[in-house]
Structures are given as C-alpha cells and as structure tokens.
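Peer 1: In case you want the letters, here they are:
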Amino acid sequence: MAKMTLETLRKLREEQKEVIERRDSGDKSIHIIVGMGTCGIAAGAKEALNVFLGEAYTRKMDNVVVKQTGCMGLCYAEPTVEVKMEGMPDTLYGNVDAAVARKIVNLHLLGGKLVNDHVFDYPARDINKE
Amino acid sequence: MHAALSDVVFDLFQNSIEAGAMNIGVSFWETADEIHFSVTDDGRGMDFEGLKRAEDPFGSDGTKHPGRRVGLGIPFLRQTAEQTGGRVEIDSVPGKGTRIEAVFPAAHLDLPPEGNLVLLWLQCLTFGGDYQLKIHRMCRESDGRVEEYRIDKAEISEALGGLEDTNTVGLLREFLESMEEPFNK
Ligand SMILES: Nc1ncnc2c1ncn2[C@@H]1O[C@H](COP(=O)(O)OP(=O)(O)OP(=O)(O)O)[C@@H](O)[C@H]1O
Ligand code: FES
Ligand SMILES: [Mg+2]
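Chains A and B, in that order, are what the protein sequence lines are.
With our numbering as the guide, the letters of the first sequence map in order to residues 1 to 130.
With our numbering as the guide, the letters of the second sequence map in order to residues 131 to 315.
Excised from the complex, chain A in its bound form (with noise of 0.2 Å):
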C-alpha cells in the first residue's frame, strides 16, 4: 500500500456517498460514546472504540456515529460507553472491553437486544452529571 494522498482520500470519500446513497439506509442515527478517561483508557476503552469503529465500518452501518469522551466519573465501571439509538432506550454500559464491545454491537445494535450483564443502572450516570 503506498502513502494516500489527500486528493485520494477525497475521492474515496466522493465514491463512497455514492455508494451509501445506494444503499440508503435509512436515517435513524446511531450514537455511542465511548469515556476515555485515564481509567477507562487502562481497562481497554482504546480496544473498545476500535472494535466499534472498526465494525461498524466493515459491516457497513451507515448512520453510527461514535463519539469519545472524557472521564464520565465512574472509574469503577470502566470504561464505560453509552449508547443512544432509536427503537432502544438509551443505555449506558460499564467494563466494556473489545469483547463485551462486540456484544453490544451484535445484540444491542442489530439485534435490539441489551446486553444485561453490562447495563449499568441512569441514577448513578445523572448524579454525576451534576
């Protein structure tokens, strides 16, 4: 593989709206945040945020968006990840690590499904929102 350019970069990024179009898929996003924290980062919240960006790019799911946050206050359940899609309530997750990430993205994203033992309880995330 030699080094990309810009300019193809560009053009990847040109035939690949065409090619999403085509596939139309709707327009229900998908959001998750993922805490990267410094402990969250040490009990694998890296591992688990390539395992979602990288499957949600190769089984083409279009619409996912995920987003990295700071520390979310729960050093305890790192790292932890939320997860906000229609259809599902929104769902925060602790000790996500690359295998329980893949969980979620099997059970909760395409099969509507939680993934019970991960599901960590709102109150605790709304006290320490505050």
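Zero decoy hints are in this set.
Label pairs and their computed distance ranges (CB to CB):
1) D282(B) / K11(A): 11 to 21 Å
2) T69(A) / G292(B): 17 to 27 Å
3) L239(B) / Y76(A): 31 to 41 Å
4) Y76(A) / D186(B): 15 to 25 Å
5) I20(A) / H166(B): 35 to 45 Å
6) G150(B) / K113(A): 33 to 43 Å
7) M268(B) / V19(A): 31 to 41 Å
8) H31(A) / H166(B): 29 to 39 Å
9) I20(A) / G258(B): 14 to 24 Å
10) E278(B) / D97(A): 27 to 37 Å
11) E185(B) / T5(A): 38 to 48 Å
Because the hints were derived from the structure by calculation, they are not lab data.
Predicted model, so just to flag it, every value in this text is computed and none were measured.
Glycine included, every Cβ here is placed at the ideal spot set by N, Cα and C.
Position chain B with the ligands against the provided structure of chain A, taking the given hints into account.
Peer 2: This is chain B with the ligands only, laid out in the frame that chain A set:
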C-alpha cells in the same frame, strides 16, 4: 497503569484539550537510539504552583475523577524517564500555552512499547471539538534515511467533509495505515 507510550501521548493530548487549547501539535519521532515525543498547545498554561501540582502524583484536584485523586499523565512520564534514563521537559506560560517533551532511550528494557500509533492518531483526530491539530511523525534510521509524514486535521476534515461518522473514520484509518506502513518495516 499505562500500557504503551501512545497512551501517554493521548493523555497529554487530553490535558491540552482540557486546558482549552484550540491549536495542538503532536510529534512522535524515532531515531536509532531514541524515542522522542512532544505535545504543544495554546491552552491556559500553568504557573509555578500549577506546575508543582502537575508533577505531584496526587495533584489531580479531585473534582475530575470523583473516584480518585491521582492524576496519571505527567507523574507517569517522570517515573518512566527516571526508570529508563530518559528526560521530560515542560515549558508552560500561563495564558499562553504548554509544551511537554519527552525523550527516552529506545532500547531500554523498562521502556513501554510504542503502542498503536494509527489508533492514537484516530483518537486524537476524532476527539470531539473545534481544536486544530497538527501531527508530525518521523523516523531517522542509523544510515541517515528519513521516513516522515505530517497530518493536518483541517486538511483531513476538509477532504472527508467532516470526521463524524464511522464511514469517514474508516477511510481515515486506511489513510493513516498507509502513512504508518513504511515505519513497520
Ligand atoms: N497542557 C496543559 N495545560 C494546562 N494545564 C495542564 C496541562 N497538562 C496538565 N495540566 C495540569 O496538570 C494537572 C495534572 O495533569 P495529569 O494529566 O497528571 O492529571 P489529570 O489530567 O488531572 O488527571 P488524568 O490525566 O489522570 O485524567 C492537570 O489537572 C492540569 O491542571
Ligand atoms: S477516568 Fe475519571 S473516573 Fe474514570
Ligand atoms: Mg491528564
């Protein structure tokens, strides 16, 4: 706690973001016997007291991480430098910005591995916010051969029409992998 140098660099990058920086520069260089990286920002900077706090492993003010008071970034760098005979330099001017530079002997056994630089750049380029970011990656072989690339977030973001969804990030990853490939030989 940190497994790789790339995690340390990401922590320094996050510190810059947290300091309100709008322009950030990250470099990661290798020579035959040294690994060198630096993070430069135009964030709020630190005064003498702030610098002392930043050097203190228990200096995190406790509001950021309710569960702990131990900041990891700079103290970890210092510790790694001490273990390996490397050095860390911090230049900071309140209201102007900060530059943190670290140099380590490449061959030292206690030096953490470099980690995945493609993922590091992805993390830094797609962290939410309006900041500008310039990356310089370089490797100088002992025979004097130089391999290098530069990434400018503004250019990348313009070429891709944003860095938001996973389709553009997927292309960005391919782009970064093509840049990084000659370094893995
Ligand atoms: N680039 C910078 N600009 C301004 N202040 C900084 C910068 N880097 C570090 N600091 C100050 O030094 C402190 C310590 O940084 P350090 O990365 O060690 O811990 P932290 O960011 O508070 O916590 P953690 O990195 O574990 O999330 C920060 O809280 C901040 O006040
Ligand atoms: S990184 Fe701050 S609580 Fe986890
Ligand atoms: Mg920090």
